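Listed here are the chains, written in short residue letters.
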Amino acid sequence: MNDYDIIIVGAGPGGSMAAKTAAEKGLKTIFFERGRKPGEKNSSGCGLGPRMWREFPEMMKELTPEKCPSMRAGVYARNYFVNKDDKVSAMILATPTESVTYEPAKSFITMNCYRSEFDPWIVEFALNAGAELKTSTLIVDLIKDKGKVVGVQDEKGVKYYAPIVIGADGAISIVAKKAGLREKWFHDHITLVPQYDFHVPRENIDKIMGDEALGIWWGVNFPAAYQVFFGDGFHIGLGNWMHFWDKNPLYYVNRCIGIEHFQKLIKRLDAKPREVQAHLLPWMPYPVNTYTDNIMLIGDAGGFPCPLEAEGIYPAMVTANIAAEVAALAIADGDTSKETLKLYEERWQDSSVGIEFDAGPELWNIWSKLPFHQTNMQWFVPMISEILTGIFDWSEPHAIRVRQMISRVRHYLPQAMPTLIQDVLPLVSNILGDDLAKILDPKMLTSMVPLLMNLMPKPKKKRRAKKETPKEVEE
Amino acid sequence: MVKIELEGLSTHIAGTGDFITVDKEKCNRCGRCLIICIVNLWKKDEDGLAYLVDNYQEKCVECAACYQVCEAGAIDFKYPAGGTGVVFEQG
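Listed in order, the protein sequences are those of chains A and B. Okay, so the first sequence: first residue is 1 according to this note's numbering, each after it adds one. Okay, so the second sequence: first residue is 1001 according to this note's numbering, each after it adds one.
In case anyone wonders, no lab produced these hints; they're calculated from the structure. Only a predicted model underlies this, so the values are computations on that prediction, with no experimental measurement involved. Glycine included, C-beta positions come from ideal geometry on N, C-alpha and C. There's no promise every hint is true.
Said to hold, decoys possible - Here are the simulated DSSO-like cross-link-like pairs (lysine-lysine), alpha carbons at most 27 Å apart as the crow flies:
id	chain 1	residue 1	chain 2	residue 2
1	B	K1059	A	K177
2	A	K247	B	K1043
3	A	K146	A	K159
Unchecked claim - Where chain B lies over chain A, by a calculated footprint (3+ residues, C-beta under 8 Å):
id	region
4	215 to 229
5	413 to 424
As the list claims (entries may be wrong) - Here are the in silico distance ranges between beta carbons for each label pair:
id	chain 1	residue 1	chain 2	residue 2	range
6	A	K106	B	G1073	34 to 44 Å
7	A	D333	B	K1044	19 to 29 Å
8	A	T97	B	K1044	36 to 46 Å
9	A	D358	B	G1015	21 to 31 Å
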């Protein structure tokens, strides 16, 4: 009676997508959720990327404010640079630029909505496709027969059988553990993300933030924090790898909230703390051990969140689709061994998720050396503030200001250069590939020199008779 | 620095059962679990060994950081019984 073609443990966006695709392929599908309803156990992952609309248009066109009242488009993202004195020293406002190629990516960076609304919404697609969902059910073990996984068992001892089990059960995946794919994560492959939700009257967000529904607080005294606005509230949270934490992780979130600028924002918005949350988030240079005999891991369980910005839902949906398709092929062939399921790894490596991880180790490294590295942020924040905004200043004639800025940047260069060369350049080199060699080709550079020299402006005769020594900052 | 009062900032459904266990034989007194737990559910006894507060089931946000951070393998984390434990209304 409890015989299925495929079992999916977890009913988050990955689990639901896998269940939908599997059911559409004609597989007898069951999936499990430990909460009373999908989404009630999740915090974060709540920024939906525009690629979801491009790649799953039939589904995404049905995501409306009626179904997800917390939806708010992040059209603008404000980047706050917060110096060692906890003062905002510069800001830049980001929004999709000219080079973005499609809608809705031209219209927003992320669509934000609470998981408590999104996950129940996406689960309906799987149910409509014919998959069976069991809620309030915790899967505690895999059933093995002659060493081969043949199903799962819930906490009450009820057994469910299928030749394929998909682990969509998040960072601490019971499927991964019981299948021998992972006991624990390496400490620098997983982050802890503490976070608060604040309630804000909807009209205050509409009036004060408008479509500026994203904030990133690049701090010296706390790891980079994100602020995500929803219909009637916002999240403020941050993360770092396990070895970072030297005191209660909420200390660092409180430190960000405590800065004067943030406090003013709270007052203007009339924001009140509503919920405290924390979760583990895999942050990997490259996902490994994502399948074995009869088992595939998708989404967070497989370590797939984007290594630059930790986007989780889109990679979960992409890997879910691939896993369900491979499962259908394997079942049709009657061979669900790891030799066949290797196709899953090959396909995700070729997918947009795999492409993201081509530069995974370098992206991972940048985070470890900058936003997650408080010592390096001590030069990064003031240096970037000089470069981005230093010229907008009436304190001196602008020519003198430029010299002051250059002098200040030069002051930080000895600290910055090792990181720029060892950590930033490899990333640029990986992304540009052969193009970098072309750009930096010595012959080409040499041939450019006479051209550049001709373009150089000639020193201009000054109108002033008397030469003044410009004031510059002390080094 | 602000301090946000955590009381009342999370919702919990009773009936979780015991879902975190600690093996005192394995505990190496490193104290990482005390630091990592955002809701301060870990304490040290007079011998420096880690233990959980009695009512941890009513406060745990189920992040499993204590399990992940324990290099001695002393902490085991299972999830609460289906349909119980923390509920995030605005997760």
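Evaluation of the provided hints:
no. : hint                           : in the structure
1   : K1059(B) / K177(A)             : holds (25 Å)
2   : K247(A) / K1043(B)             : holds (14 Å)
3   : K146(A) / K159(A)              : holds (17 Å)
4   : 215 to 229                     : violated (count 0)
5   : 413 to 424                     : violated (count 0)
6   : K106(A) / G1073(B): 34 to 44 Å : violated (50 Å)
7   : D333(A) / K1044(B): 19 to 29 Å : violated (55 Å)
8   : T97(A) / K1044(B): 36 to 46 Å  : violated (52 Å)
9   : D358(A) / G1015(B): 21 to 31 Å : violated (46 Å)
Hints 4, 5, 6, 7, 8 and 9, counting from the list given before, are not met by this structure.
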